[in-house]
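There are 2 protein chains.
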Amino acid sequence: MPALSANKIKFIRSLSQKKFRDEHGLFIAEGEKIVAEALASGYKVKEVHHENEIGRECMERISCLASPSPVLAVIEKPLLTPDNLLEGLPGNISGRNPLFLALDGVKDPGNLGTIIRIADWFGVDAIFASHGTVEVWNPKVVQATMGAIFRKQVIYTDLADVCRKFTAAGLPVYGTFLDGKNLYENLPQGDKCGLVVMGSESSGISPALSELITNKLLIPPYPADAVTSESLNVAIATAIICAEFRR
Amino acid sequence: MPALSANKIKFIRSLSQKKFRDEHGLFIAEGEKIVAEALASGYKVKEVHHENEIGRECMERISCLASPSPVLAVIEKPLLTPDNLLEGLPGNISGRNPLFLALDGVKDPGNLGTIIRIADWFGVDAIFASHGTVEVWNPKVVQATMGAIFRKQVIYTDLADVCRKFTAAGLPVYGTFLDGKNLYENLPQGDKCGLVVMGSESSGISPALSELITNKLLIPPYPADAVTSESLNVAIATAIICAEFRR
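Chains A and B, in that order, are what the protein sequence lines are. In terms of this note's numbering, the first sequence opens at residue 13 and continues consecutively. In terms of this note's numbering, the second sequence opens at residue 13 and continues consecutively.
Note that these hints are calculated values from the structure, not bench results. Fair warning: this is a prediction, and the values are worked out from it, not measured in the lab. We put the beta carbon where it would ideally sit given N, CA and C, even for glycine. Don't take every hint at face value.
The following label-pair restraints were derived from C-beta to C-beta distances [to be verified]:
#1 Ala78(B) - Arg68(A): 17 to 27 Å
#2 Thr179(A) - Leu91(B): 47 to 57 Å
#3 Ala172(A) - Ala15(B): 43 to 53 Å
#4 Ala238(A) - Glu65(B): 34 to 44 Å
#5 Lys31(A) - His36(B): 38 to 48 Å
#6 His36(A) - Lys193(B): 29 to 39 Å
#7 Arg176(B) - His36(A): 51 to 61 Å
#8 Lys89(B) - Ile21(A): 23 to 33 Å
#9 Phe189(B) - Ser215(A): 36 to 46 Å
#10 Ala172(A) - Ala181(B): 48 to 58 Å
#11 Ser79(B) - Glu69(A): 24 to 34 Å
#12 His36(A) - Asp34(B): 41 to 51 Å
#13 Gly182(B) - Glu223(A): 43 to 53 Å
#14 Ala181(B) - Pro219(A): 47 to 57 Å
DSSO-like, lysine-lysine: derived pairs with alpha carbons at most 30 Å apart [stated by the list, open to error]:
#15 Lys152(A) - Lys56(A)
#16 Lys152(B) - Lys119(A)
#17 Lys45(A) - Lys119(B)
Modelling step: build the complete structure from the supplied sequences, incorporating the hints.
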């Protein structure tokens with residue numbers, strides 16, 4: 013069985029680190045479903061390794077997973093030019109009910125990946141992320157997207173700029189706060205659009221960005237006066253809000 | 013600094029395994045918020061170890077976390093008698109709009125923990141779980157609940173029995189299916205109650221249980237004909253459904 017060379021193994025393993033993903037412009041994706049989605053997408057898949065070809069032991073050495081899947085792909089990061097993507101936003105979005113997310117310091121890779129999967133399901137038009145948000149090509153993020161990463165872009169940029177652009181275009185900027193207003197009573201009755209800012213796991217939306225939120229929302233617990241967990245997980249809150257926008 | 017004895021360290025470490033949790037009737041919880049919730053709850057906290065007392069190195073040895081928190085507690089598992097809890101259910105629930113979850117083979121500890129946190133937020137009356145569902149005292153489950161585990165019980169039992177009890181009591185049994193009916197158009201307009209069955213990450217609701225679902229639901233993607241991820245994560249779907257029940 014033609015195993016991979018030591019150098020090749022070292023190279024693939026190095027892509028688990030952001031430094032080397034940046035240097036080579038590559039990232040890895042693991043699992044049959046995700047690799048199949050990569051191959052079907054417009055992404056340039058450079059290498060696919062299957063355990064039937066390289067052997068289980070070799071797969072365990074290149075995998076980032078505790079339980080390696082049978083297949084791993086090395087993929088080129090797409091060339092994103094955030095400035096071009098931001099140019100003209102939100103005005104150049106012609107779809108109905110444009111909905112955007114802005115992630116302010118989401119640190120957990122699983123949360124970011126899950127949010128991308130949610131954004132894909134609910135047809136979110138674009139995801140903006142602060143520079144303090146975990147990198148989208150982190151293997152754990154890729155994994156948690158279950159393939160949605162090949163359909164939804166994450167644009168790392170200054171979120172204050174983004175908020176100001178939406179406000180200037182006359183579009184609402186939403187965010188969740190414990191002293192916000194009931195989600196179910198404070199969205200427009202008909203077409204719903206705008207930017208939804210989601211905060212970090214530990215500290216929520218940063219004070220500087222909070223000032224730029226035009227509509228502060230609360231996902232009400234049940235019953236309203238219940239003694240519950242202090243908050244919902246950021247991906248869970250994102251899902252409930254997106255579902256309500258798309259309802 | 014009085015570090016822990018080698019035997020004590022070995023004992024606490026052993027509680028990361030189900031076998032030893034079962035044997036000793038104990039589990040561990042880590043993190044300041046979760047340990048504070050444990051102490052404020054009715055649970056019997058046997059030991060609390062803080063890195064200021066035992067030293068960082070010692071904490072790293074007893075912790076289950078990649079980045080240990082400053083505090084770890086050893087806690088007695090509550091004595092649950094599923095039969096008693098099930099006795100008379102759902103009829104003995106006197107609250108308004110009783111809502112129950114049934115988890116059919118949820119394997120990922122993070123998902124189970126997140127679902128418990130959601131159940132706490134939305135005032136779910138009880139969580140049933142199949143015997144194939146991950147154990148609730150797994151440290152990763154405890155962690156993901158962020159403390160909600162001390163307020164919400166998970167009852168491991170035969171879910172087919174549970175479904176039949178609800179049906180016999182004239183209450184609906186819901187589940188999500190890709191060929192289900194639009195969630196937003198198929199719940200009662202007024203008071204909403206019942207049992208919601210959520211399936212496993214890999215294969216959804218098992219065929220045997222599917223037959224006992226009286227109301228098959230779909231969380232619609234947006235737009236309705238969108239090419240999206242094949243599904244939502246089970247915790248995400250649970251959140252959207254609970255939010256809709258409690259809306």
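Consistency of the hints with the structure:
At roughly 25 Å, the beta carbons of Ala78(B) and Arg68(A) sit within the given window of 17 to 27 Å. Judged by the Cβ atoms, the range 47 to 57 Å given for Thr179(A) and Leu91(B) holds: they are separated by roughly 56 Å. At about 47 Å, the beta-carbon gap between Ala172(A) and Ala15(B) stays in the expected band of 43 to 53 Å. At roughly 35 Å, the beta carbons of Ala238(A) and Glu65(B) sit within the given window of 34 to 44 Å.
Range check, Lys31(A) to His36(B): Cβ separation about 43 Å, and the 38 to 48 Å hint holds. The hinted range of 29 to 39 Å is not satisfied by His36(A) and Lys193(B), whose Cβ atoms lie roughly 48 Å apart. Between Arg176(B) and His36(A) the beta carbons are some 57 Å apart, a value that agrees with the proposed interval 51 to 61 Å. At roughly 43 Å, the beta carbons of Lys89(B) and Ile21(A) sit outside the given window of 23 to 33 Å.
Distance hint check: the CB atoms of Phe189(B) and Ser215(A) are about 38 Å apart, consistent with the given range 36 to 46 Å. About 54 Å separates the C-beta atoms of Ala172(A) and Ala181(B), a value consistent with the hinted range of 48 to 58 Å. The hinted window of 24 to 34 Å between Ser79(B) and Glu69(A) holds, with their beta carbons roughly 30 Å apart. For the pair His36(A) and Asp34(B), the beta carbons lie near 47 Å from each other, so the given range of 41 to 51 Å is met.
A C-beta distance of roughly 52 Å is found between Gly182(B) and Glu223(A), which places it inside the suggested range of 43 to 53 Å. Between Ala181(B) and Pro219(A) the CB atoms are about 50 Å apart, so this pair conforms to the stated range of 47 to 57 Å. For the proposed pair Lys152(A) and Lys56(A), the alpha carbon gap of about 20 Å is at most 30 Å, so the pair holds. Note on Lys152(B) and Lys119(A): the hinted pairing holds, with a Cα-Cα distance of about 18 Å set against a maximum of 30 Å.
Between Lys45(A) and Lys119(B) the CA atoms are separated by roughly 18 Å; this keeps the pair inside 30 Å, and the hint holds.
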